[in-house]
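**Student:** Sequence:
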Amino acid sequence: MNRKFVYNFMEKDMKKGVYIEIIAILVVVGLFATASFAAEETGKDVQPRVEQTISPASTAVHDHSRNFGDWFHNPASWLEMGADVRFRWVYGWNLDTINDDARGRSSKWHFLRNRFRWWTKTKVTEDVSFNHRWTWEFRSWDDPYRKGKEVDWDEIVWDHFNLKVKNFGGMPVTMVAGRQDIILGKGWLVLDGSPLDGSRTISMDALRFTYDMEDRDTTVDLIYVQNYAASNKWLKPIGSNDRHITEQDETGAIIYITDKSRENMQLEGYFIYKNDNPINQPANDFPNPWPSAVWSKKSEIYTFGGAISGSFGQNKNWKYRNELAVQTGDKQKQDLHAWGTRNDIEYHFNNEKKHVLHGTLEYLSGDDPETKTDEAFDPLWGEWPQWSDLYVYCYNLETMIGETTNLFRLGGGHSFYPTEKVQMCTDYHLLWADENTKKDAPHRSGLTWSDSGKFRGQLATWMLKYQITKQLKGHLLLEMFLPGNYYEDSSRDHVFFSRFNLEYTF
37 MNRKFVYNFM EKDMKKGVYI EIIAILVVVG LFATASFAAE ETGKDVQPRV EQTISPASTA
97 VHDHSRNFGD WFHNPASWLE MGADVRFRWV YGWNLDTIND DARGRSSKWH FLRNRFRWWT
157 KTKVTEDVSF NHRWTWEFRS WDDPYRKGKE VDWDEIVWDH FNLKVKNFGG MPVTMVAGRQ
217 DIILGKGWLV LDGSPLDGSR TISMDALRFT YDMEDRDTTV DLIYVQNYAA SNKWLKPIGS
277 NDRHITEQDE TGAIIYITDK SRENMQLEGY FIYKNDNPIN QPANDFPNPW PSAVWSKKSE
337 IYTFGGAISG SFGQNKNWKY RNELAVQTGD KQKQDLHAWG TRNDIEYHFN NEKKHVLHGT
397 LEYLSGDDPE TKTDEAFDPL WGEWPQWSDL YVYCYNLETM IGETTNLFRL GGGHSFYPTE
457 KVQMCTDYHL LWADENTKKD APHRSGLTWS DSGKFRGQLA TWMLKYQITK QLKGHLLLEM
517 FLPGNYYEDS SRDHVFFSRF NLEYTF
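Under the working numbering, the first residue of the sequence shown is numbered 37, with each subsequent residue one higher.
Each hint should be verified, as a subset may be incorrect.
[Claimed, not checked] Below 20 Å or equal to it, Euclidean Cα-Cα: the simulated EDC-like pairs (lysine to aspartate or glutamate) are:
no.: 1; residue 1: Lys-202; residue 2: Glu-250
no.: 2; residue 1: Lys-222; residue 2: Asp-295
no.: 3; residue 1: Lys-367; residue 2: Asp-295
no.: 4; residue 1: Lys-490; residue 2: Asp-529
no.: 5; residue 1: Lys-355; residue 2: Glu-439
no.: 6; residue 1: Lys-490; residue 2: Glu-524
no.: 7; residue 1: Lys-202; residue 2: Asp-248
no.: 8; residue 1: Lys-490; residue 2: Glu-388
no.: 9; residue 1: Lys-183; residue 2: Asp-137
no.: 10; residue 1: Lys-490; residue 2: Asp-525
no.: 11; residue 1: Lys-367; residue 2: Asp-404
no.: 12; residue 1: Lys-202; residue 2: Asp-251
no.: 13; residue 1: Lys-367; residue 2: Glu-471
no.: 14; residue 1: Lys-222; residue 2: Asp-380
no.: 15; residue 1: Lys-355; residue 2: Glu-304
no.: 16; residue 1: Lys-334; residue 2: Glu-439
no.: 17; residue 1: Lys-509; residue 2: Glu-456
no.: 18; residue 1: Lys-367; residue 2: Glu-406
no.: 19; residue 1: Lys-501; residue 2: Asp-404
no.: 20; residue 1: Lys-144; residue 2: Asp-106
no.: 21; residue 1: Lys-334; residue 2: Asp-285
no.: 22; residue 1: Lys-222; residue 2: Glu-304
no.: 23; residue 1: Lys-296; residue 2: Glu-250
no.: 24; residue 1: Lys-390; residue 2: Glu-434
no.: 25; residue 1: Lys-408; residue 2: Glu-456
no.: 26; residue 1: Lys-202; residue 2: Asp-163
no.: 27; residue 1: Lys-333; residue 2: Glu-434
no.: 28; residue 1: Lys-352; residue 2: Glu-382
no.: 29; residue 1: Lys-475; residue 2: Glu-434
Please keep in mind that the hints were generated in silico from the structure rather than gathered at the bench.
Kindly generate the complete structure, drawing on both the sequences and the hints.
**Tutor:** Below is the structure:
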């Protein structure tokens with residue numbers, strides 16, 4: 037990072053409007069923090085999660101000694117509520133160009149993200165509840181210039197809208213029908229049903245049955261997924277701007293088995309079916325800002341996989357997780373034959389500062405352009421920043437934001453708590469491509485890939501997390517990417533990403 041870069045950042049990029057908004061955010065968060073500290077000092081139990089603040093039904097309405105927080109979380113014996121706010125300031129350089137002089141594209145990214153959520157849980161009976169969550173995220177743009185130096189107010193969406201039934205049919209089965217969050221395993225293949233809206237939402241439209249065999253310490257999940265690209269397909273947002281939240285309309289079915297019956301070991305096995313149907317609309321005819329039609333693909337994918345995880349050592353110092361999946365089917369009228377694996381190992385010192393060393397080896401097969409089959413591993417619903425917020429933007433040049441494939445990653449890192457509420461995480465990754473899939477297909481920005489090089493480059497990440505109070509937390513994230521010979525010499529400029537994050541849960 038040279039002096040010119042720092043000068044641009046400190047003197048030119050921080051426009052007056054952004055300063056005002058940052059100051060306003062800090063003032064609001066300061067008030068929240070002051071109130072939280074005061075509550076802690078007076079011995080009041082300020083709880084950040086709705087499920088931890090349920091008051092007895094007999095006092096839910098008539099206990100006038102309750103404070104506002106108690107009333108807000110539990111205004112009636114049949115109703116629970118919660119809310120949170122998140123403020124993010126993001127600055128990046130060459131995120132979707134890897135080139136200081138990209139044609140028609142700005143190298144700088146500079147904006148504020150502001151997310152507000154409010155949710156309720158309405159109890160119909162002890163076993164039946166209706167769950168709802170509204171989410172609104174708007175952004176204040178300064179760069180890139182194509183976004184306009186303005187506020188994008190966006191839309192308020194139904195993030196959750198589902199019916200939950202426990203003991204369904206008199207069996208140890210829980211049913212959730214409707215819009216919901218679904219995370220399976222560590223989210224390697226199933227976590228985000230709406231990747232095009234960033235971290236605004238991750239929800240899926242699904243029907244999920246979870247069978248809990250308590251006597252065997254095993255659960256079986258049966259899930260049907262029906263996601264639509266358009267956010268206004270069946271639950272109309274407030275102020276809809278025709279945003280698309282995924283690349284195509286998707287149908288899927290999942291069988292996921294988790295076995296915890298063995299001491300210090302967990303076994304998982306799964307089958308995932310995913311059918312992608314392209315959006316029937318030209319890319320240049322879209323009213324929303326995301327070129328979804330460019331990323332739409334017709335595919336039918338069958339994934340078989342499993343994972344083993346656990347701990348060993350005298351004090352359970354060592355922890356591990358190994359996951360493997362193979363894929364078959366077809367994509368874009370080509371037969372699909374792909375596979376991927378992720379393997380993590382951790383050593384916990386189990387000391388006062390909670391020092392942890394960890395390493396990762398991940399492989400995702402890439403498409404060989406010399407064959408008639410498609411060998412590129414598909415991440416399914418795993419298109420989210422699993423190990424880097426920076427590099428998901430870089431993948432926009434090859435696939436789409438977050439669609440990680442054609443990768444060999446060797447990573448390592450260290451984390452510890454210098455104080456009770458502060459955690460520091462440092463990671464370093466060496467990245468390679470499995471195949472030179474883009475050597476004959478330069479990007480419209482001017483980015484080109486080499487004919488034979490496969491070293492994607494080096495990535496360093498550093499994060500500082502601070503649990504300020506029970507309700508207020510924040511983090512600072514810095515990432516730097518040094519491109520390798522997978523890219524042409526003219527397309528190897530350094531990439532930088534930074535984020536300052538504050539979250540308050542009512």
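**Student:** Please verify whether Lys-352 and Glu-382 have alpha carbons no more than 20 Å apart.
**Tutor:** 10 Å, holds
**Student:** Measure nothing beyond the straight line between the CA atoms of Lys-296 and Glu-250; if it is 20 Å or shorter, mark the hint as holding.
**Tutor:** 10 Å, holds
**Student:** Would you mind confirming whether the straight-line C-alpha gap from Lys-355 to Glu-304 stays at or under 20 Å?
**Tutor:** 16 Å, holds
**Student:** Does Lys-367 pair with Asp-295 here, judged by a C-alpha cut-off of 20 Å?
**Tutor:** 32 Å, violated
**Student:** Does Lys-202 pair with Glu-250 here, judged by a C-alpha cut-off of 20 Å?
**Tutor:** 14 Å, holds
**Student:** Keeping to a limit of 20 Å between CA atoms, is the pair of Lys-334 and Asp-285 held or broken?
**Tutor:** Given pair Lys-334, Asp-285 holds - Cα atoms ~10 Å apart, limit 20 Å.
**Student:** Under the criterion that the straight-line Cα-Cα distance not exceed 20 Å, is the pair Lys-367, Glu-406 satisfied?
**Tutor:** 16 Å, holds
**Student:** Decide if the proposed pair is consistent with the structure: Lys-390 and Glu-434, CA atoms, cutoff 20 Å inclusive.
**Tutor:** 39 Å, violated
**Student:** Between the alpha carbons of Lys-501 and Asp-404, is the straight-line distance 20 Å or under?
**Tutor:** Violated - the C-alpha atoms of Asp-404 and Lys-501 are around 41 Å apart, more than 20 Å.
**Student:** For the pair supplied as a hint, Lys-490 and Glu-524, is the alpha-carbon distance within the 20 Å limit?
**Tutor:** Holds: Lys-490 and Glu-524 sit about 11 Å apart, inside 20 Å.
**Student:** Given the hint that Lys-408 pairs with Glu-456, does the C-alpha gap stay at or below 20 Å?
**Tutor:** Violated, because 56 Å separates the two Cα atoms, which is more than 20 Å.
**Student:** Does Asp-251 lie within 20 Å of Lys-202 when you go C-alpha to C-alpha?
**Tutor:** 18 Å, holds
Violated hints, in rising order: 3, 5, 8, 19, 20, 24 and 25; the structure is consistent with all others.
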